[in-house]
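S.K.: The lines below spell out each chain.
There are 2 protein chains.
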Amino acid sequence: MSQNITLALDGMGGDHAPSVVVEGASLALERYPGTRFIIYGQTQVLAPLLSKYPKLSQASTLEPTESVVTSDMKPSYALRNGRQSSMGLAIDAVHKGIADGVVSAGNTGALMVISRFVLKMLEGIDRPAIVSLMPTLNGESVMLDLGANVDCNQEHLVQFAIMGEVFARLILGKRHPIVGLLNIGSEEIKGSDTLRQAYGFLKNGPFEDRFYGFVEGNQIHQGVVDVVVTDGFTGNVALKTMEGTAKLIAEFVRRTFKSSWMAKLAYLLSRRSIKNLGLRLDPRRYNGAVMLGVNGIVVKSHGGTDALGFATAIGFAVDLVKGQFRQKVLAEMDKIRNTHHIAPIQL
Amino acid sequence: MSQNITLALDGMGGDHAPSVVVEGASLALERYPGTRFIIYGQTQVLAPLLSKYPKLSQASTLEPTESVVTSDMKPSYALRNGRQSSMGLAIDAVHKGIADGVVSAGNTGALMVISRFVLKMLEGIDRPAIVSLMPTLNGESVMLDLGANVDCNQEHLVQFAIMGEVFARLILGKRHPIVGLLNIGSEEIKGSDTLRQAYGFLKNGPFEDRFYGFVEGNQIHQGVVDVVVTDGFTGNVALKTMEGTAKLIAEFVRRTFKSSWMAKLAYLLSRRSIKNLGLRLDPRRYNGAVMLGVNGIVVKSHGGTDALGFATAIGFAVDLVKGQFRQKVLAEMDKIRNTHHIAPIQL
Chain A
2 MSQNITLALD
12 GMGGDHAPSV
22 VVEGASLALE
32 RYPGTRFIIY
42 GQTQVLAPLL
52 SKYPKLSQAS
62 TLEPTESVVT
72 SDMKPSYALR
82 NGRQSSMGLA
92 IDAVHKGIAD
102 GVVSAGNTGA
112 LMVISRFVLK
122 MLEGIDRPAI
132 VSLMPTLNGE
142 SVMLDLGANV
152 DCNQEHLVQF
162 AIMGEVFARL
172 ILGKRHPIVG
182 LLNIGSEEIK
192 GSDTLRQAYG
202 FLKNGPFEDR
212 FYGFVEGNQI
222 HQGVVDVVVT
232 DGFTGNVALK
242 TMEGTAKLIA
252 EFVRRTFKSS
262 WMAKLAYLLS
272 RRSIKNLGLR
282 LDPRRYNGAV
292 MLGVNGIVVK
302 SHGGTDALGF
312 ATAIGFAVDL
322 VKGQFRQKVL
332 AEMDKIRNTH
342 HIAPIQL
Chain B
2 MSQNITLALD
12 GMGGDHAPSV
22 VVEGASLALE
32 RYPGTRFIIY
42 GQTQVLAPLL
52 SKYPKLSQAS
62 TLEPTESVVT
72 SDMKPSYALR
82 NGRQSSMGLA
92 IDAVHKGIAD
102 GVVSAGNTGA
112 LMVISRFVLK
122 MLEGIDRPAI
132 VSLMPTLNGE
142 SVMLDLGANV
152 DCNQEHLVQF
162 AIMGEVFARL
172 ILGKRHPIVG
182 LLNIGSEEIK
192 GSDTLRQAYG
202 FLKNGPFEDR
212 FYGFVEGNQI
222 HQGVVDVVVT
232 DGFTGNVALK
242 TMEGTAKLIA
252 EFVRRTFKSS
262 WMAKLAYLLS
272 RRSIKNLGLR
282 LDPRRYNGAV
292 MLGVNGIVVK
302 SHGGTDALGF
312 ATAIGFAVDL
322 VKGQFRQKVL
332 AEMDKIRNTH
342 HIAPIQL
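Protein chains in written order, with this note's numbering: chain A, 2 to 348; chain B, 2 to 348.
Chain A extracted, bound-state conformation (with noise of 0.2 Å):
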């Protein structure tokens, strides 16, 4: 592999791709210069996209595809029919080692299991897990798994819990990133028994101190922690219940300003820094789940995202590769079974 970092893209992937997909790597390449690009997709249609930015037409390869996995497909339908695909291409570009990433806005299921298939798990690691960024009240933390894997045991937790860790590392920059289970509180009766488990493996495990212990979901957005761990169930849930309420209390605010003449006068007044709030709860900033656990970094954008969010993922593909994010959990699992101090289980 060159110095430069090279990422394939799913052109066809996103409620709003090519051009999302060309303006976003044309912003990504301005904050990651020598960063280059193979776009799988229509030429007919990327060509006199790109020709748009010179820049990044220096940077990149079309690769021309003809099928696209659709955002209505289902999986497992994908997973036979959409290997030659733009996103069944750009995801075998990084099996062949032609591309050290890929990023897709398109359909999650199908980029899961594609990934999953062609480039099978990281050693040691059983289950891929979704991972995010989420807002707090003092910076920002990751949340893992949101939405993978319906039933996690104790040893996908411990797992989730370490590459966690790393990727907290390695994008929110943290030298030492403190990890959290979710629960519903500390009490002697709550919590299962897989999530007793795999707290008391972490409790004597890797991140020594750093173990938070359980956290609650109003603590996600505190900052208690920079790492929450949960099952997908859980943590799908909490992620979609996020955005329910934050649309329920901008609706509310909404109305609030209409409610008035003096409240919409208050509105003009205060529009920048409202501008400025919604800057900072701006989804194009969260946006990018990243595959953690296949073999391969695989960043999901957004399908509806915008080309900054489509550059913010780009970023974490970047960041990840960079990092050397799969080595970082290689070399963690491996100081695990040396150490072994896995009395409760089985890694």
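Any given hint could turn out to be false.
Note: identical chains are not told apart, hence a pair may lie in one copy or across any two.
[As the list claims (entries may be wrong)] Straight-line alpha carbon distances no greater than 27 Å define the calculated DSS-like cross-link-like pairs of lysine-lysine that follow:
#: 1; residue 1: Lys259; residue 2: Lys276
#: 2; residue 1: Lys175; residue 2: Lys248
#: 3; residue 1: Lys276; residue 2: Lys336
#: 4; residue 1: Lys276; residue 2: Lys265
Because the hints were derived from the structure by calculation, they are not lab data.
Following the hints, position chain B against chain A.
M.R.: Coordinates of chain B only, in the frame set by chain A:
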């Protein structure tokens, strides 16, 4: 039982007891004239408080108790040692038929464990469930279980659905509530076996076309369903995540309004509207989690609530007693047993 409703109040439970209990009862009495209260607690502090409210004094009896279940007591300890406490004796009053229901702002776990032990379960219901109101874009919905059970099987979820539907009829005043099961998507690979089996039963079950199917976390606040059914782990995480997200946004809004003199001026102009927004999201309006499934009406007020919140909790108890909650749930369970359209689940 007389025409008038009698409620047992735990006079000592909660952060601001006993004053909030007495003041809350006084507010509730204005809304529900004719209600009678038996207030359990230390008479030397309760009597002088009560003397400030002549109407309430007439409608109330004081029952002296010495011990108190504290907020940090483990439920198992409270069960062994708290039976003569203000909480324990208030629950006992329901068991003995002296009171129609009990309201406490004390230790949630203790209230649940003692209630279950003393009152036993409603026939046909295996597990208690905690239910509460949720604000939605178009009004309110109810959600359960919010934390009574970590693990739930399909039968428990179906029982929660039945209790939640009756609860929504009585508390939201909806004649035909729509019921949904919380899941992480509707795709084939999504959701646990438990959820799919509960889905299968409810699809052909008592609600007919009022069973909406699966709902996701972002739909809880949308008001697409009146009853959101989930296990206690997921429900509790979702509830606390909402609290956390609301607090995060509130803090960002606060910082926004402090960020410039124009924003500060805007705040002054919009103060009243913002106050209205506050009322709409006022946790006191949503105060009162009801322990459904035990053989008696048991309402838990938030420990930190004020008098208005405690009055809301009392209102739940009144509505459930008047609406004959238990009899209606038993009738629904009978209907299910007799119509035998219960292929997938033995109820």
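S.K.: Now tell me if each hint is right for this structure.
M.R.: Verification of the hints:
1. Lys259 <-> Lys276: both (17 Å within a copy, 14 Å between copies)
2. Lys175 <-> Lys248: Between copies only: 25 Å across, 30 Å inside.
3. Lys276 <-> Lys336: neither (46 Å within a copy, 55 Å between copies)
4. Lys276 <-> Lys265: both (15 Å within a copy, 15 Å between copies)
Checked against the numbered hints above, the structure violates only hint 3.
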